[in-house]
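Each chain, written out:
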Amino acid sequence: MTATETARARPAYREVEIDVEVRRREVAADGVVTLTLADPDGADLPDWAPGSHIDLIMTPSLVRQYSLCGDTANRSEWQVGVLLDPDSRGGSQFVHDKLQEGSTVRVRGPRNHFPLVSSPRYLFIAGGIGVTPMLPMIGAAEATGAEWRLLYGGRERSTMAFVDELQRHGPRVSICARDVADGPNFRASLEAALSDPGQDTLVYCCGPEGLLTAVEAACQAWPENSLHIERFSAKVLEEPADALASFEVECQRSGLTLTVTQDKTIYEACEEAGVDVLGSCMEGVCGTCECDMIEGEADHRDSVLNDAEKEANETIMICVSRSRSERLVLDL
Amino acid sequence: MTTSHLQELDNIDLADPSVWDDGVPYELFKRMQREAPAHFSPQNNAPGEGGFWSITRFDDVRAVSRDHRTFSSEKRGIFHLNDIAEGIPLDLQRMQLISMDPPRHDRLKALVIKEFTPEKIAGHDEHVKQIISDVLDSVADKERFDLVADVARPIPARVIGSLLGTPPEDDEKLVHWTNVFTAFEDPVIRAQWSDAGAIVTEIIEYVNHQLAERTDTASDSLVNTMLTAEVEGEKLTELEIATFFVLLMSAGNDSTRATYSATMLEILRNPELRKQLTENPDLIDAAVEEGLRCYPAFAFMARAATKDTELHGKTIKEGDRLLLWYLASNRDESVFENPDKFDITREGLADKHQAFGGRGKHFCLGANLARLELKLWIQQTLERFPDLELDGEPTRVRALFLNQYNSIPVRRKSMSRLREEKTKS
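Going down the list, the protein sequences come from chains A and B. Just so you know, the working numbering puts 79 at position 79 of the first sequence, and the rest follows in order with no gaps. For any residue, its number in the working numbering is found by taking its place in the second sequence, counting from 1, and adding 332.
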């Protein structure tokens, strides 16, 4: 799944950014795969808490967020569940085509915008691939002995991931598939579960926009801070239509011309070629890598320059920004 | 006490220690932002310096920071005095990259910046955790201790010491040396040495000794990086290495110590915030950023104009000094709603505040390390000492440049109860 976060609401501490190997790639349902990721040398991965997600960095401009859905106690592996959207030209298609067992992918994280606050009772609500963060949350609820229920809705039973695993919990879990006529109805189950504000109950909900809006409305009468949601949608930061797949950068002082391909940043291309560059945050925030532009039109992707400065096109943050012209001449 | 709202802004001299008697003059800064965004202080206690302009608005701090051609760090250094600590003249300060302009600044910074990237710093996670845990162990059986002296000093000292490759037994010496370079105005701290020049010589000898010890052995310490580095085909001189060492030592010690202390003080005084962070440690990231915004370690950094230039109707003459007041810009009402409120829900905070500088070439080299340290440190303090409470009035360092506490007395509530019970029985 893809958890949208407003691009400006990044958390503070910069998480790890490492290459991991795809250890296993398993079909979890029709159109859903789970990827098991591990350090190529078997080193421990950073610890994480339920609700956390990681970024899969497919290319510098193709970054997608996926909730971690494995066991928090397993420090050697991370698991993510990915919905392969047939209409996607971006992330899930990349996962489908390029991420096979044994391949390597760069990840960043983990971060948590959907943390599980301790409570004696939980109501978990998942729509479709939004079930992924619920798995570790259920694990945590079980571990503390909290009471919990899961309402899990989907279009067709065959596309709903982790159903078998979840059904082991018996009546705590309601699987509501629209194509299963004699099963529970998702809407009716939601109405019943949310009609009465539960005592000391926290609601955690992840799924498509329609579900989130409905649950938000139903929770109006609940005590403040009862509801925790994570939005996800298929569209995050698509490549701008006029972005160039590759372009040339002339480093004028060094007398070198480099080709910057889609899979690397200007900063990385310069560093590989031995051109002296400075960089610190690597996400267009700090301004350390700013370079003067001599020629060309930048595709500014930083948050240092304001709109007028971007328009003026006199400088560029080479850790994230790219080019709209075939050639950029930089004072490097 | 200065009743700033009654005084004409024109008559206010920010270098006058009495302006700071009640702590940071936030209200005064707000007036300056509104009424005198380029304000001149005559700096009467150092008449030879020619005074300084105060830049307080967020956007201006950013613009001046980014324009290193018009506003030089090298011309007059980054302090408010040409000669600091009565013995460290401008020429010596200018051997540190913080007081240099590009391109030389960039060449020197490039030597070490690769050790401070997000990826490299993340690799120090376990090591930093261990240092914090060891120091917290050392106070764990005390009912009363000082959060600054006993906790906030030793932790960053060991973290930066381990990066520099200096042994733990020298940490206290490095903290003392750091004070010489940054806290020299505080009368109490100033009394700890008589001759700053002699201390510079002592540091040069110390660094040389460190280098001699490790020349033959492979080592990945920063001191070793400096020893082997070449800038334009030339090795750094002994003096350059020593001043580089001083910069990393002082920046590593002062900064994190200051922001940790002030943020912990905020948490101790704000039970609601403490409850939130204890119940949900994921929020500590946001608390670190808000701590950085509200309590930047350095009050300002200075620049000097390289040519006559206009700013808000005032003429800044070539050679004039400007202080970029992060204390003010981080609480600019036009950028941060309710700026004096410690609010961990602000959006995009990490990308916004100026605790690490106003953006540009001089952006803090150690920002990633500081964030890692602060996060782990606050997290462990809250976990280990859930019963910590204030035990007296904190005191501040009296130095214009530093936004720092000297002492924050604390006590462990549960231990005092334990003691009382023992006495009764």
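Just so you know, these hints were derived from the structure itself, not from any lab. Backbone N, C-alpha and C fix where the C-beta goes; we use that ideal spot for every residue, glycine too. Check the hints yourself; a few may be wrong.
If you anchor each label on the Cβ, the simulated ranges turn out as follows [what the hints assert, rightly or not]: (1) B:Pro499 - A:Gly170: 57 to 67 Å; (2) B:Pro379 - A:Asp263: 51 to 61 Å; (3) A:Glu314 - B:Ala378: 48 to 58 Å; (4) B:Thr727 - A:Glu297: 52 to 62 Å; (5) A:Trp222 - B:Thr727: 39 to 49 Å; (6) A:Asp263 - B:Pro741: 50 to 60 Å; (7) A:Gly255 - B:Val563: 13 to 23 Å.
Here's how the hints hold up against the structure:
Take B:Pro499 and A:Gly170: their Cβ atoms lie about 60 Å apart, and the range 57 to 67 Å holds. Evaluation of the 51 to 61 Å hint for B:Pro379 and A:Asp263 yields a pass: the beta carbon distance comes to about 60 Å. At roughly 38 Å, the beta-carbon separation of A:Glu314 and B:Ala378 lies outside the given 48 to 58 Å, and the hint is violated. Between B:Thr727 and A:Glu297 the beta carbons are some 55 Å apart, a value that agrees with the proposed interval 52 to 62 Å.
One distance hint, 39 to 49 Å for the beta-carbon pair A:Trp222 and B:Thr727, holds here, with the actual separation near 46 Å. Range check, A:Asp263 to B:Pro741: about 55 Å between beta-carbon atoms, so the 50 to 60 Å window is met. Between A:Gly255 and B:Val563 the beta carbons are some 20 Å apart, a value that agrees with the proposed interval 13 to 23 Å.
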